[in-house]
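Q: Sequence:
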Amino acid sequence: MSPLLEALVESLREGCGLSDEEAMRLARGALDWGATKYAGEAYYWPKACRALTRDEIKRAVKREFTGGADSVERLCQTYSISKSQVYRLANEPA
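Numbering (my numbering), first residue to last: 5 to 98.
Read the hints as simulated data drawn from the structure, not as lab findings. Take these hints with a grain of salt, some might be off.
To be verified - If you anchor each label on the Cβ, the simulated ranges turn out as follows:
#, residue 1, residue 2, range
1, Glu-14, Ala-73, 14 to 22 Å
2, Thr-57, Arg-78, 18 to 26 Å
3, Leu-9, Thr-57, 18 to 26 Å
4, Arg-92, Glu-18, 16 to 24 Å
5, Gly-21, Pro-97, 29 to 37 Å
Cβ coordinates follow ideal geometry from the N, Cα and C atoms, glycine included.
Work out the full structure, taking the sequences as your base and the hints as a guide.
A: Spelled out as structure tokens, the structure:
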């Protein structure tokens, strides 16, 4: 495991209370997305360079969720969360 991936996973586990599996999936998704989007450049998605807290993700979901399938898919891709997590976060009280 690369040092960056290891640091992201540890930060997500401790900072967001994610399980090992969820933290690994989120970290890999973010790094894969950044590496794919900016192939050949030493650049990673800025949000992946620090762990987002659950509250930060929840605020983003509440702000960006429109109820349409396109917004759900975009949120799943952006934050590496499942569709059920999008709906759960969108419907939680603020």
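Q: With reference to the structure, classify each hint as holding or not holding.
A: Results for each hint:
1. Glu-14 to Ala-73: 14 to 22 Å: Roughly 34 Å apart at Cβ, these two residues miss the hinted range, so it is violated.
2. Thr-57 to Arg-78: 18 to 26 Å: 20 Å, holds
3. Leu-9 to Thr-57: 18 to 26 Å: Roughly 19 Å apart at Cβ, these two residues keep to the hinted range, so it holds.
4. Arg-92 to Glu-18: 16 to 24 Å: Distance hint for Arg-92, Glu-18 holds at roughly 22 Å.
5. Gly-21 to Pro-97: 29 to 37 Å: This hint is violated: roughly 19 Å between Cβ atoms.
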